[in-house]
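Mind the numbering: the sequence shown is residues 1 to 208 in my numbering, read in order.
Don't read these hints as lab results, they were simulated from the structure. All C-beta atoms, glycine included, are put in the ideal place defined by N, C-alpha and C. Just to be clear, a hint being listed does not mean it is correct.
Claimed, not checked - Per label pair, the in silico range of CB-to-CB distance: (1) 73 to 139: 18 to 24 Å; (2) 141 to 109: 42 to 48 Å; (3) 145 to 200: 30 to 36 Å; (4) 50 to 93: 33 to 39 Å; (5) 4 to 90: 31 to 37 Å; (6) 109 to 182: 22 to 28 Å; (7) 5 to 160: 28 to 34 Å; (8) 160 to 182: 28 to 34 Å; (9) 180 to 144: 52 to 58 Å; (10) 204 to 145: 29 to 35 Å; (11) 54 to 204: 19 to 25 Å; (12) 169 to 10: 19 to 25 Å.
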Amino acid sequence: MSIAWALFIPSCFALNMAPGPNNLLSVNNAARFGFTAACLGTIGRLVAFAGMLGLAGSGLALVLLTSAWLFTAIKLVGAIYLIWIAIRLWIATPVTEPTISRLATKPDLWPLIRQEFCVAAGNPKAILIFTAFLPQFIVTGEPLGHQFMQLGAAFLLMECIAIALYAFAGMRLGRLLAGARAKRLFNRGCAALLGSAGLGLLLSRRPA
1 MSIAWALFIP
11 SCFALNMAPG
21 PNNLLSVNNA
31 ARFGFTAACL
41 GTIGRLVAFA
51 GMLGLAGSGL
61 ALVLLTSAWL
71 FTAIKLVGAI
81 YLIWIAIRLW
91 IATPVTEPTI
101 SRLATKPDLW
111 PLIRQEFCVA
121 AGNPKAILIF
131 TAFLPQFIVT
141 GEPLGHQFMQ
151 LGAAFLLMEC
161 IAIALYAFAG
171 MRLGRLLAGA
181 RAKRLFNRGC
191 AALLGSAGLG
201 LLLSRRPA
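Turn these sequences into a full structure, and let the hints steer you where they fit.
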């Protein structure tokens, strides 16, 4: 293993494990609908991240980061969507254990996939991971495109591991929250965190 990879793997996994809005969704969705549904729902997140990798690799991501109006438009849409999810989660009826078992057998995955995709795609700062972080591990003198594809694939693989860990934690937490009142408090705690993330995104500024 090269020095670049030895540095990249732990640094990247730390980013994957950061408790951002998408990972919070994995915890909440696993607690409400089960481990499998939460993991499959993150297909939307992985598609969004793969698209960002494509933009970064082609250089088009720089257009987004240097365009004030485009950055602001995506930021506003993403922030409003996060706040909307938070409101819906705040008023949501707690899901009981029999309902979790039924949903785990026949889950309605499309809303979860769409939710994960929109949260990931609606955060323009997420693309900084691919435009500012990944290039630090590019080795000069070797094919650029091939290296970027390898780093991107490794990022997505470690994202899948982080997804599974967060979903497992959410599933276990959901089983501990036996009563409707406890589940409602959990939903509202997640709603408060998602709402805070939305407000933070709304107040964020474009990188100089």
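For each hint, the structure was consulted:
1. 73 to 139: 18 to 24 Å: violated, 36 Å
2. 141 to 109: 42 to 48 Å: Because 44 Å falls inside the window, the suggested range holds.
3. 145 to 200: 30 to 36 Å: holds, 34 Å
4. 50 to 93: 33 to 39 Å: holds, 34 Å
5. 4 to 90: 31 to 37 Å: Violated, at about 44 Å.
6. 109 to 182: 22 to 28 Å: Since residue 109 and residue 182 have Cβ atoms about 26 Å apart, the given range 22 to 28 Å holds.
7. 5 to 160: 28 to 34 Å: violated, 18 Å
8. 160 to 182: 28 to 34 Å: holds, 30 Å
9. 180 to 144: 52 to 58 Å: Taking Cβ atoms as reference, residue 180 and residue 144 lie about 55 Å apart, which means the hint holds.
10. 204 to 145: 29 to 35 Å: holds, 31 Å
11. 54 to 204: 19 to 25 Å: holds, 24 Å
12. 169 to 10: 19 to 25 Å: holds, 20 Å
Hints 1, 5, 7 from the earlier list are contradicted by this structure; the remaining hints agree with it.
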